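Asker: Based on the sequences and whatever the hints tell you, model everything.
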Amino acid sequence: QKEVEQNSGPLSVPEGAIASLNCTYSDRGSQSFFWYRQYSGKSPELIMSIYSNGDKEDGRFTAQLNKASQYVSLLIRDSQPSDSATYLCAASPNTNAGKSTFGDGTTLTVKP
Amino acid sequence: DAGVTQSPTHLIKTRGQQVTLRCSPISGHKSVSWYQQVLGQGPQFIFQYYEKEERGRGNFPDRFSARQFPNYSSELNVNALLLGDSALYLCASSLGEWAPQHFGDGTRLSIL
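First to last, the protein sequences are chains C and F. First residue of the first sequence? That's 83 in the working numbering, and the numbers climb one at a time after it. First residue of the second sequence? That's 2 in the working numbering, and the numbers climb one at a time after it.
If you're looking for bench data, these hints aren't it; they were derived computationally from the structure. These numbers come from a predicted model, not from an experiment. Cβ atoms here follow ideal geometry from the backbone N, Cα and C, with glycine treated the same way. Accuracy of the hints is not assured; some may be wrong.
[As the list claims (entries may be wrong)] Heads up, simulated DSSO-like pairs for lysine-lysine below, C-alpha to C-alpha not over 30 Å straight-line:
hint, chain 1, residue 1, chain 2, residue 2
1, C, K124, C, K193
2, C, K124, C, K84
3, F, K14, C, K193
4, F, K31, F, K53
5, C, K149, C, K138
6, C, K84, C, K138
7, C, K124, F, K31
8, C, K124, F, K14
9, C, K138, F, K14
10, C, K124, C, K138
11, C, K138, C, K193
12, C, K84, C, K149
[What the hints assert, rightly or not] Here are some chain C residues the structure puts well away from chain F; computed CB gaps all over 12 Å:
hint, residue
13, V95
14, P96
15, E97
16, G98
17, S102
18, S108
19, E127
20, D137
21, R142
22, N148
23, D160
24, P163
Answerer: Structure follows, in structure tokens:
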């Protein structure tokens with residue numbers, strides 16, 4: 083079992099819809115959680131970081147964390163074709179992101 | 002401000018050779034991490050350095066080594082290259098605790 087598991091995907095949604103990406107982690111000691119977007123051939127780009135239970139909103143993106151269920155999610159509202167990318171979930175054992183364990187990503191396609 | 006810079010961008014080596022990859026963090030960032038990303042998978046943590054000291058090491062063989070210099074730049078060395086070392090090597094820097102990490106564009110290493 084991988085330490086960070088994501089929906090294998092691919093996920094396809096129509097333009098304007100809500101895209102829901104899910105992630106579970108096995109290390110209960112994980113304290114920091116991150117969502118990255120990675121376009122094909124590019125490096126990961128941080129979208130959201132979340133450290134405490136609940137929701138965190140930033141524009142069209144909402145991250146949700148439930149430490150009891152060891153579950154992290156990312157919602158993308160009003161999806162745009164430019165959101166088409168691979169989304170990586172990552173967990174870190176402390177407050178420093180530099181030792182993150184990544185999932186293998188979920189590929190999202192937003193169709194016009 | 003310049004982002005994380007990595008060099009070279011591409012590299013082709015043969016089995017058994019040695020390689021050195023370089024990374025310059027964002028100005029002011031004292032933490033540098035190295036990740037290996039194989040095609041179709043998420044980045045896998047190799048090393049973290051903070052204030053020139055190793056702060057973490059992932060599940061990689063001793064053929065992999067790294068160091069951080071007084072100016073916080075870093076080098077990743079891989080000896081006795083294997084075909085399986087072919088991957089995108091990513092460097093990320095961060096300010097430290099409670100700070101996200103920012104990735105460079107990576108070095109794509111191909112082993113023939």
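Asker: Verify the proposed pairing of K124/C with K193/C, using a straight-line Cα cut of 30 Å.
Answerer: This hinted pair holds, its Cα atoms lying about 21 Å apart.
Asker: Regarding the assertion that P163/C does not contact chain F, is the least Cβ-Cβ distance greater than 12 Å?
Answerer: Check passes; 23 Å lies beyond 12 Å.
Asker: Within a Cα-Cα threshold of 30 Å, do K138/C and K14/F meet the stated pairing?
Answerer: Status violated; Cα separation ~44 Å.
Asker: Run the C-beta distances from V95/C to all of chain F and say if the shortest one exceeds 12 Å.
Answerer: holds (22 Å)
Asker: Taking 12 Å as the cut and beta carbons as the points, is G98/C off the interface with chain F?
Answerer: holds (28 Å)
Asker: With the threshold set at 30 Å, check whether the alpha-carbon distance from K124/C to K14/F stays at or below it.
Answerer: holds (22 Å)
Asker: Find the nearest Cβ of chain F to the Cβ of N148/C and say whether that gap is larger than 12 Å.
Answerer: Holds: least Cβ distance 21 Å, greater than 12 Å.
Asker: Has the given pair, K124/C with K138/C, been kept, meaning a C-alpha gap of at most 30 Å?
Answerer: holds (26 Å)
Asker: For the pair we were handed, K84/C and K138/C, check the Cα-Cα distance against 30 Å.
Answerer: holds (26 Å)
Asker: Is the straight-line distance between the alpha-carbon of K149/C and that of K138/C 30 Å or less?
Answerer: Holds - the C-alpha atoms of K138/C and K149/C are around 14 Å apart, at most 30 Å.
Asker: Check the non-interface label on E97/C: least C-beta distance to chain F beyond 12 Å or not.
Answerer: Given a closest Cβ separation of 26 Å, the condition holds.
Asker: Hey, is S108/C genuinely clear of chain F, shortest beta carbon separation above 12 Å?
Answerer: holds (15 Å)
Hints 3, 9, 19 from the earlier list are contradicted by this structure; the remaining hints agree with it.
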